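Please model the entire structure based on the sequences and the hints provided.
Residues per chain, in single letters:
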Amino acid sequence: MLTTPRAWEVIGTVPDPEVPVISVVELGIVRDVAVDAEGAVAVTITPTYSGCPAMYEIEKDIRTALTEAGASSVTVRTVLSPAWTTDWIGPEAREKLRAYGIAPPGRAEQGGLITLTRARQPVTCPWCGSRDTELKSEFGSTACKAIHVCRACRQPFDEFKAL
Amino acid sequence: MTAKAAGHDDEPGIAAGEAAAGTRPVAGARRAALGDPLVELLFRLGDDRLILGHRLSELTGHGPILEEDIATANMALDLIGQAASMLKLAGELEGKGRDEDALAYFRDAVQFRNCLLVEQPNGDFAQTMARQFLFDAYSVLLLDELSRASHAGIAAVAAKSLKEAKYHLRHSSEWVLRLGDGTDESHARMQRAIGALWRFTGELFVADEVEAAAAAKGAAVDLSGVQARWDTMVDDVLARATLRRPTDTAMQRGGRSGRHTEHLGHLLATMQIVARSHPGATW
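The listed protein sequences derive, respectively, from chains A and B. Residue 171 is where the first sequence ends in this note's numbering, and the numbering goes up by one at each step. Residue 278 is where the second sequence ends in this note's numbering, and the numbering goes up by one at each step.
Among the hints, erroneous ones may be present.
Covered stretches of chain B (in silico footprint by chain A; criterion: 3 or more residues with CB under 8 Å from a CB of chain A, positions within the stretch not fixed) [as the list claims (entries may be wrong)]:
| no. | stretch |
| --- | --- |
| 1 | 57 to 69 |
| 2 | 73 to 82 |
| 3 | 140 to 154 |
| 4 | 158 to 172 |
In silico lysine to any residue, SDA-like type, Cα no more than 20 Å apart, as pairs [what the hints assert, rightly or not]:
| no. | chain 1 | residue 1 | chain 2 | residue 2 |
| --- | --- | --- | --- | --- |
| 5 | B | K83 | A | L88 |
| 6 | A | K144 | B | P59 |
| 7 | B | K83 | A | P90 |
| 8 | B | K158 | A | R39 |
| 9 | A | K68 | B | W278 |
| 10 | A | K144 | B | A68 |
| 11 | B | K83 | A | T52 |
| 12 | B | K83 | A | M63 |
| 13 | B | K83 | A | P55 |
| 14 | B | K158 | A | S89 |
| 15 | B | K83 | A | V87 |
| 16 | B | K83 | A | P61 |
| 17 | A | K144 | B | D64 |
| 18 | B | K83 | A | T86 |
| 19 | A | K68 | A | S31 |
| 20 | B | K158 | A | R115 |
| 21 | B | K158 | A | G36 |
| 22 | B | K158 | A | A116 |
| 23 | B | K158 | A | P112 |
| 24 | B | K83 | A | A62 |
| 25 | B | K83 | A | V84 |
Note that these hints are calculated values from the structure, not bench results. Predicted model, so just to flag it, every value in this text is computed and none were measured. Ideal placement from N, C-alpha and C gives every residue a C-beta, glycine not left out.
Written out as structure tokens, the structure reads:
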């Protein structure tokens, strides 16, 4: 019989399909897990970006993992509020991102509108640790990433954008 | 037909009465066709983003440089994702069993409520980015207001979309600066693009009965306040880009009531053909 803590553990083994070094729980998109007396599991998730195409994959992977772990049924509900923020990614997961070659996100801007030409903090190269890096593109291989190049080690790298 | 049973009469008594009296039933018909103002508001929000998202997706594989190919594809994805959330909510509130796909693929041009600005063709890259900038500035300010709406569903979708819209605005405003304050050629093209699109910006701030009725149902937007902040933001970027703000432009409108430019029909033909040729198909 599946318990709620065990269900959290099981979902914690589901990797993010696009950044497989961290789990969907570490990514912060699993907002709630509840198991009832019959072993039916209700999972609440929130999307990273509105158009993130990985959400369908993630929902399917969560269903499969829970069903294999003995859930009698699985319902997955998507909520938009509170809106996902990269601030929910914890220190351990940030280190995993860095080791994988993705610069972890800085702090998300809180409130306020937008400063159009704000001076941007340089992003630290995940490979050599240099701060002498250059933004190449605000948009990268997935919605959540930007592309930078390190002037010191000359490696291009992804940055997980603060959102 | 269940339209009458659901309270969405298309042939309202007031219009019939005016028609019988020999007057054109324009005002009455428009008021009666309003239905739930929140549904109408969500159609406007969702259709703006669906149509602009589709326009940007036309550049996928055709971007002028690789980074912009990726950027426009990413922005298209965000916008279409936002549209899906907004139209899904519209369909739920409407209660006619239409989901976001039904609303995107099985309405005709006259039923779309997007502003005229977003349906304009991509043109050259200056026009693509000018259109994006003029819309993004409006979008960020509007979503910021709606993120504080007392209607929880609308506040949630606005707050979510706002985060993405800020990234888009940063990107498009930087291109307006770079091209405006660039070479003679890039400056001329950006100035031309701003001039060509300016006539479609007035419509963004025209308050009508939908805003008033939506405010009463928990989604208030102060469009004149949005306009004042938009003016400040746009004037600032144009000035720094050494661009001239157009004056004496006769403003075009009609998108919010389904009267579109010729471009929307062509766009919809491309966007909807697969869903309409193979209804219910999944892959």
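Hint by hint, here is what the structure shows:
1. 57 to 69: holds (count 5)
2. 73 to 82: holds (count 7)
3. 140 to 154: holds (count 5)
4. 158 to 172: Satisfied; 10 residues make the cut.
5. B:K83 - A:L88: Holds. K83 of chain B to L88 of chain A sits at ~12 Å (cutoff 20 Å).
6. A:K144 - B:P59: This hinted pair holds, its Cα atoms lying about 15 Å apart.
7. B:K83 - A:P90: 18 Å, holds
8. B:K158 - A:R39: Roughly 19 Å between the alpha carbons, so the hint for K158 of chain B and R39 of chain A holds.
9. A:K68 - B:W278: 16 Å, holds
10. A:K144 - B:A68: 16 Å, holds
11. B:K83 - A:T52: With a Cα-Cα distance of about 18 Å, the restraint between K83 of chain B and T52 of chain A holds, given a limit of 20 Å.
12. B:K83 - A:M63: Between K83 of chain B and M63 of chain A the Cα gap is close to 16 Å, so the pair holds against 20 Å.
13. B:K83 - A:P55: Roughly 15 Å separates the two Cα atoms, so the pair holds.
14. B:K158 - A:S89: The given pair, whose Cα atoms are some 13 Å apart, holds under the 20 Å limit.
15. B:K83 - A:V87: 13 Å, holds
16. B:K83 - A:P61: OK: K83 of chain B and P61 of chain A at ~17 Å, within 20 Å.
17. A:K144 - B:D64: 13 Å, holds
18. B:K83 - A:T86: Holds, at about 12 Å.
19. A:K68 - A:S31: At roughly 14 Å apart (the allowed maximum being 20 Å), S31 of chain A and K68 of chain A satisfy the hint.
20. B:K158 - A:R115: 14 Å, holds
21. B:K158 - A:G36: Holds, at roughly 17 Å.
22. B:K158 - A:A116: Cα-Cα ~10 Å, so holds.
23. B:K158 - A:P112: 18 Å, holds
24. B:K83 - A:A62: 19 Å, holds
25. B:K83 - A:V84: 17 Å, holds
In this structure, none of the earlier numbered hints is contradicted; all agree with it.
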